[in-house]
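Work out the full structure: start from the sequences and follow the hints.
The numbering of the sequence shown is this note's numbering, which starts it at 1 and goes up by one.
Just so you know, the hints here were simulated from the structure itself, not pulled from any lab data.
One thing to keep in mind: the hints can contain errors.
Unchecked claim - Have a look at the derived ranges for each label pair, beta carbon to beta carbon:
{"no.": "1", "residue 1": "Phe393", "residue 2": "Lys241", "range": "38 to 46 angstroms"}
{"no.": "2", "residue 1": "Arg432", "residue 2": "Leu280", "range": "50 to 58 angstroms"}
{"no.": "3", "residue 1": "Ile519", "residue 2": "Ser414", "range": "32 to 40 angstroms"}
{"no.": "4", "residue 1": "Lys241", "residue 2": "Asp488", "range": "44 to 52 angstroms"}
{"no.": "5", "residue 1": "Lys241", "residue 2": "Val408", "range": "23 to 31 angstroms"}
{"no.": "6", "residue 1": "Lys107", "residue 2": "Gln512", "range": "27 to 35 angstroms"}
{"no.": "7", "residue 1": "Ile519", "residue 2": "Asp402", "range": "34 to 42 angstroms"}
{"no.": "8", "residue 1": "Lys306", "residue 2": "Val27", "range": "26 to 34 angstroms"}
{"no.": "9", "residue 1": "Asn492", "residue 2": "Leu223", "range": "46 to 54 angstroms"}
{"no.": "10", "residue 1": "Lys101", "residue 2": "Pro385", "range": "48 to 56 angstroms"}
{"no.": "11", "residue 1": "Leu222", "residue 2": "Pro113", "range": "29 to 37 angstroms"}
Because the structure is a prediction, the values reported are computed rather than measured.
Virtual Cβ for every residue (Gly too), placed ideally from N, Cα, C.
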Amino acid sequence: MKNYKLILFTILIHLQTSQKLVAQINVPLVDSLMGAAISKLNVVGAAIAIVKDGEVIIQKGYGNLDIGSQIKTNEQTNFQIASNSKSFTATALAILVDEGKITWEDKVKDHIPEFKMYNDYVTNNMNIADLLTHRSGLGLGAGDLMLFPDGGNFTVSDVVQVFQHFKPVSAFRTQFDYDNLLYIVAGEVIHRVSGLSFANFIENRILNVIDMKRSSVGRKTLLQDKNVAYPHSITSEKTKKINFFEDELSAPAGGIYSNVTDMTNWMLLLLNRGKYGENLESSLFSIESSKRMWTIHTPIATDESKRYNTNFLGYGLGWFLTDMKGHLVVSHTGFVPGMHSTVILVPDLGLGICILNNTDAGGGALNHSVTSSILDKFFGLNELPWVDMGVKFLSQNASKTDEEAKKVWTLVDSLKQTRFETEKYIGTYSDRWFGDMVVYLKDTDLRIRSVRSPKLDGSMHFYQKDIFAIRWDYRDMNCDALATFSRDEKGNVQSVKMKGISPDIDFSFDFQDLDLRKIF
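What follows is the structure, given as structure tokens:
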């Protein structure tokens with residue numbers, strides 16, 4: 001669900017004629033770009049689709065399903081599309097609006113009475129559109145630790161009441177801060193209004209209707225399907241296959257699996273403003289709903305771009321919106337461990353691009369560099385070495401991240417023989433929204449584990465007085481943390497605060513939002 005910031009770099013520009021546009025984009029060119037990007041950025045497998053003026057220019061896979069197999073990806077290979085699922089959630093709500101079952105201005109609490117925010121005003125005034133626009137007043141990724149890592153036992157009931165426990169970082173509806181949990185609330189609105197589960201609504205009312213029949217919400221229906229890409233992580237320049245991120249709770253924010261053939265149908269539906277079918281004789285949602293989804297609700301500050309003449313950036317309903325050379329550009333990215341997705345639409349040019357891949361780190365750079373290269377070529381801009389720039393960026397970023405983390409672990413290693421009062425820290429610490437974390441001894445090792453998110457279980461290493469570095473057993477993402485214990489005037493440990501060690505830690509590991517108090 002990370003990497004939404006990559007959208008700021010998505011680029012589009014004018015060309016002179018439609019014929020020239022199509023002529024400049026062909027399969028050999030895309031093959032060359034994808035091949036170079038996969039090789040240089042160490043991506044295991046990827047797939048791409050491009051549509052223009054209702055026609056499919058390319059649907060194709062590259063690389064392999066997983067690093068231990070020679071099975072090739074193709075246009076039917078399913079990947080996790082992560083946060084590109086958010087636009088499906090917005091579309092589901094648009095369908096209910098068109099049917100007269102809800103309005104965008106409906107108060108959330110009228111459909112979910114137990115819904116509660118951080119104060120009464122926001123609770124009473126948050127409407128359905130607010131759920132999709134990242135303007136709640138809460139900080140970036142607030143509460144995402146309920147979802148990351150996967151495998152926790154949190155429920156929708158927990159989510160709809162969790163927001164009361166957070167402190168806002170801005171006034172309601174005044175600032176963009178990306179979130180995932182409010183999309184889960186949106187999914188619950190869909191469930192309560194329609195009577196269908198979120199998964200059933202998406203699959204029966206959207207995916208099956210527009211012939212995205214190989215796509216699904218979650219992986220359960222794909223368990224017997226061998227044409228599914230496996231996620232991969234790159235650590236210390238070594239690529240390894242990791243576990244699928246499987247969390248049913250997070251489906252409305254990032255739980256859909258799809259492939260570039262199905263995503264072609266999705267892009268064509270969107271570019272046709274909700275119309276589909278052989279002669280566009282059917283309509284899934286109205287033009288009015290399309291306009292509403294593609295209207296900025298939350299402005300985002302953006303730097304001036306001389307290359308692309310960008311004047312604005314913002315978020316609509318499930319989409320980032322900006323202008324490039326006078327064109328509206330509608331787009332989103334998605335990330336879960338080992339998977340990246342990108343969708344870019346330029347409505348007035350009838351243009352759509354989708355790239356899916358199965359490798360973190362290099363995967364985000366691949367999607368950005370390939371789409372940038374294609375778009376520059378597509379619109380007649382001078383060529384830039386986007387893939388090589390992506391390689392350089394990753395190298396520099398990894399070096400900086402490794403350097404910061406290395407300082408912590410080097411100091412930890414030098415203090416291995418330090419004696420401290422182990423028993424002072426042992427106990428159960430409770431947070432109002434995340435539940436209990438237990439500090440315990442395993443043999444002679446001090447450890448900490450979350451009761452409700454069992455993958456958060458790790459060893460604690462002395463770092464400074466009352467500060468420990470935590471190395472989690474979970475290694476699919478870099479989320480090691482520092483834990484700082486506080487004492488009362490008698491020297492008894494009373495509480496603990498946490499934060500990530502790496503400066504590049506995914507924002508969804510919001511350890512800083514925990515307020516763990518010792519209960520025994």
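Now the hints, each set against the structure:
1. Phe393 <-> Lys241: 38 to 46 angstroms: violated, 25 angstroms
2. Arg432 <-> Leu280: 50 to 58 angstroms: holds, 51 angstroms
3. Ile519 <-> Ser414: 32 to 40 angstroms: holds, 34 angstroms
4. Lys241 <-> Asp488: 44 to 52 angstroms: Roughly 47 angstroms apart at Cβ, these two residues keep to the hinted range, so it holds.
5. Lys241 <-> Val408: 23 to 31 angstroms: holds, 28 angstroms
6. Lys107 <-> Gln512: 27 to 35 angstroms: Because 31 angstroms falls inside the window, the suggested range holds.
7. Ile519 <-> Asp402: 34 to 42 angstroms: holds, 37 angstroms
8. Lys306 <-> Val27: 26 to 34 angstroms: With a Cβ separation near 33 angstroms, lysine 306 and valine 27 satisfy 26 to 34 angstroms, so the hint holds.
9. Asn492 <-> Leu223: 46 to 54 angstroms: Holds, at about 50 angstroms.
10. Lys101 <-> Pro385: 48 to 56 angstroms: holds, 51 angstroms
11. Leu222 <-> Pro113: 29 to 37 angstroms: At 36 angstroms between Cβs, range holds.
Figure legend: structure checked against the earlier numbered hints; the only hint not met is number 1.
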